[in-house]
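Novice: Read off the chains here:
Protein chains: 2
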Amino acid sequence: VITIGDELLIGQTIDTNSAFIGQELNNIGIWVRRRVAVGDNYSEIWAALDEESKNSRVIIITGGLGPTADDITKPLLADYFNGKLVVDEKVREHVRYLIQEVFKRKGPVLERNLKQAEVPDTCTVIFNERGTAPGMMFKKNGVIYFSLPGVPHEMKGLMKKIIPILEKEFEELPVIIHKTAFTAGQGESIIAEMLKEFEPSLPPNIKLAYLPNYGMVKLRLTATGTNREETEKLLKPWFSQLQQIVKEYLVSNEDEGLELVVGKLLKQKNATMATAESCTGGYIAHLITSIPGSSDYFKGSIVSIFGAVSQQTVSEMVKGTISKLKVDYALAVSGIMGPEGGTATKPVGTVWIAVGNKNKTETLHLHLRFDRQRNIVTTSGNALNFLRKFILDN
Amino acid sequence: VITIGDELLIGQTIDTNSAFIGQELNNIGIWVRRRVAVGDNYSEIWAALDEESKNSRVIIITGGLGPTADDITKPLLADYFNGKLVVDEKVREHVRYLIQEVFKRKGPVLERNLKQAEVPDTCTVIFNERGTAPGMMFKKNGVIYFSLPGVPHEMKGLMKKIIPILEKEFEELPVIIHKTAFTAGQGESIIAEMLKEFEPSLPPNIKLAYLPNYGMVKLRLTATGTNREETEKLLKPWFSQLQQIVKEYLVSNEDEGLELVVGKLLKQKNATMATAESCTGGYIAHLITSIPGSSDYFKGSIVSIFGAVSQQTVSEMVKGTISKLKVDYALAVSGIMGPEGGTATKPVGTVWIAVGNKNKTETLHLHLRFDRQRNIVTTSGNALNFLRKFILDN
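These protein sequence lines are chains A and B, in that order. Going by the numbering used here, the first sequence opens with residue 6, and the numbers climb by one from there. Going by the numbering used here, the second sequence opens with residue 6, and the numbers climb by one from there.
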C-alpha cells in the first residue's frame with residue numbers, strides 16, 4: 006500500500022485509509038507486506054513504485070488525484086505505465102452530473118474539474134460513483150496496481166469494487182482467519198502471564214498478538230491455511246482455550262467496541278439507558294450513538310459541566326437520570342480531566358463513575374495520570390465496562 | 006519513520022503516532038522523507054532499517070517493545086547494532102516502581118516486566134517516565150536511530166526528549182515554516198479556481214497544498230529557508246495575499262479545529278453556550294469539551310434521541326436550551342444519520358441545524374449523502390461553523 010501526500014509526512018493528516026485497505030485485503034487472504042507513505046514528489050513516488058513492485062504482487066496507491074496542482078499522481082502514472090492522458094467520456098459525463106446536478110454549482114463546469122475525467126490510456130477505469138476522481142487499474146510485469154483517491158468515502162467505495170477483481174485475479178489465495186478476544190480491566194503483562202503456557206503450545210500456522218489500548222487488551226489469533234473450513238476447524242479449539250484462560254476479563258469474542266457490546270446486551274434485555282456526563286463531555290453518548298440503531302435503547306444524555314467530583318454526586322446523577330429520562334439503566338461520570346482544574350485533595354485524573362437501575366447504584370473511583378484526551382477516552386472505556394458488568398449482574 | 010506491528014498492516018490499529026512524529030520533526034526543520042509500516046517480522050524490519058538508512062539521516066522506529074512474545078524489536082536492534090541485551094539498573098528500578106507503587110500490583114514483579122529493563126549495550130537509553138519500555142538511541146554509519154514504544158502517550162513523552170538531541174546533533178537544520186488558512190463552506194476545486202493565478206506566482210521555496218476534509222479546505226503554505234526570520238518575512242505577504250483571496254470562506258489562520266475557533270470567540274466575548282443534540286448524539290459537546298478550559302464557556306448539552314427532524318424542532322431546541330441552561334448562545338441539531346430511519350419525505354442525510362441567542366434564531370438545512378460516521382462528523386462541522394458565523398454577526 007502506497008499512500009501519497011505531504012500532509013501525511015508532516016502530520017497534518019492521520020492516515021485512516023491504510024487500515025481500511027488492510028482489513029479488506031485480509032478478508033480475502035491478501036496480506037499487506039508493507040505500507041509506505043511518500044510526499045507529493047515525482048521521484049519519491051516513482052521510487053516507491055519501483056521498490057514495492059519487487060516484492061508485492063498487488064500495489065494499492067491512494068492520494069494525489071485531486072483537481073489541484075499538488076496532485077501529481079495521474080501524470081506520473083501515465084509516464085510510469087507508458088501511456089498518455091485521454092478523456093474518458095463516461096467519467097466526464099459523471100463529473101458534469103456531480104457538479105451541476107448534485108453539488109448544484111452554477112455556471113459551466115470548471116476546466117480543472119473536467120480534467121478529472123482524463124486517465125492514462127494504459128489503465129482500466131474503475132468507476133467512482135462517489136466523487137470526480139476515477140479509480141484506475143494497471144498491470145505490468147505480473148504486478149497489478151490500483152490507484153484510488155485519498156478521500157476516505159470514495160476510497161472505500163472503490164475498494165469494494167477492487168475486492169472481486171482481486172479474487173478473480175488470484176484464484177488460489179490463502180485463507181487468513183482472525184479471531185479476537187477482547188479483555189478489559191487487566192494489563193498486557195498480566196494477560197501475557199496467564200497465557201505463557203498457551204502461547205508456545207500454538208501450532209506454527211496460528212499466531213497470537215496482543216493489542217493493548219487504554220486499559221483493554223485485544224488478543225488476536227491469526228490462522229493461515231489453504232481451506233476455509235479446515236482452517237476454521239483448526240482455530241476453533243485454540244480460540245476456546247484462549248477464551249477460557251482469560252474468561253475473568255473477557256468482554257467480547259469479537260473485534261468490537263464496548264459501546265457495541267453494551268448495545269447488544271441492552272437489545273437482548275429489551276432495556277433502555279441514558280448517561281449523565283460531566284468530565285467526558287458527551288463522549289460516552291457519542292460512542293453509544295455511533296452504533297446504527299442505538300436509538301432503540303439509548304434515550305439521551307445530560308452533559309453538565311458543573312457538579313462536584315464525588316461519589317455522592319455521581320450516585321445522584323444516576324438516580325436523577327433514571328427518573329427524568331425513564332430508563333432502565335443510567336451511567337454517570339464526573340472527574341477532572343486536566344491539564345487545569347486539579348486541587349490538592351482532587352488532583353487531575355480524579356474520576357468518579359456510577360451505574361445503576363431503579364433499585365441499586367454502584368460506584369467506581371479512578372485515578373488517571375494521562376493527558377486530557379486520554380483521560381476522557383480511558384474514563385469512557387472504564388465507564389462502559391462498569392455498566393456492562395452491572396447489566397450482566399442486574 | 007518506521008512503524009512496526011502486524012496490527013497496522015491488517016488494519017486493526019490506526020497509526021496516529023506517525024502524524025505526531027512528523028509534526029515534531031517538522032517544527033525543527035527535519036522533513037520526513039518516507040514512512041514505512043512493517044509487520045512483526047524479523048527480516049522485514051531488518052530490510053526496512055537497511056533500506057531507509059540509505060536515504061535518511063535520522064530513523065525513528067516505533068512499536069514492538071512490549072513485554073510479550075510478538076514484540077521482537079529489542080532483540081533485533083541488539084543484533085542490528087552488534088550488541089547484546091544487558092539490564093539497565095535505573096530502568097529496572099523504574100519498572101519495579103511503576104508496577105508495585107503506581108499500578109499497585111500485588112506480589113513480586115513478573116520476570117517479563119523486569120525484562121523490559123534489558124537494552125542492547127550499544128544503545129543510549131532515553132528514559133521513559135510514562136511506561137516500562139525505555140527509549141533507545143543508536144548511531145551507525147552517520148545515521149542516528151531512535152526506538153520508541155508504540156503506546157502513544159509514552160511515544161509522545163519520548164519525542165519531547167529526542168527533539169533537543171536532534172537539534173544539537175544537526176546544527177544547520179533548514180527552517181521549514183507552515184502557515185495554514187482554514188476555509189469552510191466551499192469545495193476544493195472552487196477554492197483552487199480562486200487561487201489559480203496566486204499559485205503559479207509563488208516563489209520556488211514556497212509551496213501551496215490543499216487539504217480538503219468534510220466540507221472544509223485547509224490551505225497550507227510551506228516555506229523553506231536557512232534563516233527563520235528571513236523565511237518568516239518572505240512568507241508573510243504571500244500568506245496575507247492568500248487570506249485576502251479566500252476571505253469569504255476563511256475560518257481561521259491557524260491549523261486548528263472549529264471547536265477551538267468557536268471557543269476563542271466565546272472567550273473574547275465573555276459569553277457562554279450550550280448544545281441540544283439529537284442526531285450527533287453528543288459529538289459536538291465532545292468536540293467542544295476536548296479543549297482544555299472549555300468549562301469557562303460551555304455549560305452543557307442535552308442529548309435527546311427523540312424529536313422530529315424539522316426546522317421548528319431545532320428552533321425550539323435552541324430556545325429551550327437558552328432558557329434552561331441560561332447561556333448566551335445555543336446550537337441544536339436534528340437529523341437522520343442512517344443507515345436506517347429514512348423516509349420518503351425525510352431521507353437519510355436530512356439535517357436541520359439551528360443557532361441562536363435570546364433575541365434571534367437562525368436555521369440551516371443540509372442534505373448529506375455519506376455513511377453514518379461521516380454524516381455525524383459533517384453535521385458537527387457545519388453546525389460549529391454556522392454557530393461561529395452567528396456569534397460574529399450577533
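Wrong hints could be hidden among the right ones.
A pair holds if it fits inside one copy or across any two, identical chains being indistinguishable in the list.
List time: in silico EDC-like cross-link candidates among lysine to aspartate or glutamate, alpha-carbon distance up to 16 Å [as the list claims (entries may be wrong)]:
#1 LYS165 / GLU134
#2 LYS173 / ASP376
#3 LYS269 / GLU176
#4 LYS109 / ASP301
#5 LYS166 / GLU94
#6 LYS165 / GLU234
#7 LYS165 / ASP376
#8 LYS329 / GLU134
#9 LYS329 / GLU367
#10 LYS120 / ASP376
#11 LYS120 / ASP93
#12 LYS274 / GLU202
#13 LYS145 / ASP84
#14 LYS351 / GLU261
#15 LYS161 / GLU134
#16 LYS173 / GLU204
#17 LYS365 / ASP260
#18 LYS331 / GLU94
Simulated from the structure, these hints should not be mistaken for lab results.
Novice: Run every hint past the structure and note whether it holds.
Specialist: Evaluated hints:
no. : hint            : verdict
1   : LYS165 / GLU134 : within (12 Å within a copy, 44 Å between copies)
2   : LYS173 / ASP376 : neither (48 Å within a copy, 28 Å between copies)
3   : LYS269 / GLU176 : neither (37 Å within a copy, 57 Å between copies)
4   : LYS109 / ASP301 : neither (35 Å within a copy, 41 Å between copies)
5   : LYS166 / GLU94  : neither (20 Å within a copy, 55 Å between copies)
6   : LYS165 / GLU234 : neither (24 Å within a copy, 50 Å between copies)
7   : LYS165 / ASP376 : between (38 Å within a copy, 14 Å between copies)
8   : LYS329 / GLU134 : neither (46 Å within a copy, 45 Å between copies)
9   : LYS329 / GLU367 : neither (19 Å within a copy, 29 Å between copies)
10  : LYS120 / ASP376 : neither (46 Å within a copy, 27 Å between copies)
11  : LYS120 / ASP93  : within (10 Å within a copy, 60 Å between copies)
12  : LYS274 / GLU202 : neither (38 Å within a copy, 63 Å between copies)
13  : LYS145 / ASP84  : within (13 Å within a copy, 37 Å between copies)
14  : LYS351 / GLU261 : neither (34 Å within a copy, 31 Å between copies)
15  : LYS161 / GLU134 : within (11 Å within a copy, 40 Å between copies)
16  : LYS173 / GLU204 : neither (36 Å within a copy, 44 Å between copies)
17  : LYS365 / ASP260 : neither (31 Å within a copy, 47 Å between copies)
18  : LYS331 / GLU94  : neither (58 Å within a copy, 58 Å between copies)
The structure fails to meet hints 2, 3, 4, 5, 6, 8, 9, 10, 12, 14, 16, 17 and 18 from the earlier list, while all remaining hints are met.
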